[in-house]
Amino acid sequence: MKVEKLKIKSYCSILNNKVMLNDQLLFENRETDFSSFIKLAYKKMDTNYPKFFKMDDLSKLGFLAADILLKPLTTDSEKINNIALVFSNSASSLETDRKHQDSIVDKENYFPSPAIFVYTLPNICLGEISIKHKLYSENSFFIFNHFNAGYLYDYATSLINTGKADEVLCGWINSDKEDYEAFLYLVSTEGSITHNKEEIIKLYTTK
Amino acid sequence: MSDLKQELKEKIITQLNLEDIAIDEIADNDSLFGDGLGLDSIDALELIVMLDKDYGIKLTDPKEGKKIFESIEVMSNYITTHRTK
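Protein chains in written order, with the numbering used here: chain A, 707 to 913; chain B, 5 to 89.
Isolated chain A, as found in the complex (with noise of 0.2 Å):
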């Protein structure tokens, strides 16, 4: 097993109504709901992908925290990117589990609808992802109480330690009725901040 020194190359972040990038400021609207903020912070990314509006809400934060740190490293569409994708929350699917609850609740107005139905597992977030970066790579979804950084950190070093992943982007996505919450970086052999679990908590808390 080779073992590398792993840095932090970049990293991300969605809640409150602003979109970071590092330490930047990449957008603000403090003026709407998540709906209409995810939707005005995807127009100014120039994130041109239709079915982002298709997605449900976990999806859409993740999608969008994603394509901001991964856009950089795919725009060469015959290079085979071997990032893996390592993700993370609290509420799983629930917020979406619940819509689609409510359409199946009624014996007598039983209509589930199929583009909600396929939302009730919060790893297809990963497989939007894959799909319009085109990886090919080990992706995982993890439900834990709260933001692990030691397990992301473990996982992350075993993935590129073991010749399983170029790089690694983690961290937490959560989408909960109106809480919201996305916190991605990229763990990779260049950047300039060391991969440990006190730069990934710190990163994480000063967010």
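In silico SDA-like cross-links for lysine to any residue, where the CA-CA straight-line distance does not exceed 25 Å:
1) B:Lys57 x B:Ile17
2) A:Lys745 x B:Glu29
3) A:Lys745 x B:Asn21
4) B:Lys70 x A:Phe823
5) A:Lys750 x A:Asn735
6) A:Lys750 x A:Pro778
7) A:Lys745 x A:Leu800
8) B:Lys70 x A:Ile822
9) A:Lys813 x B:Leu63
10) A:Lys713 x A:Ile786
11) A:Lys749 x B:Glu23
12) A:Lys838 x A:Thr753
13) A:Lys813 x B:Asp58
14) A:Lys749 x B:Gly40
15) A:Lys838 x B:Gly40
16) A:Lys757 x A:Asp803
If you are wondering where the hints come from, they were derived from the structure by calculation, not from laboratory data.
Could you slot chain B onto chain A? The hints should help.
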């Protein structure tokens, strides 16, 4: 444009979340799938549910949808003939 065709265009845009498409951009004979509106297989299932819920038409074979959802014109004719509500 007939009321039903107008209604179908509105429903397709709203229910399939076609954010960047306006009603007048959908011609009656445009293909809904493939090179036309670019709908996918989940959209096809959503249209099957819409036929059932809004017009009382139950498609027992999803493959029937391929013909029925060819265009707004074809859909409108099919609904007019088969609707139960």
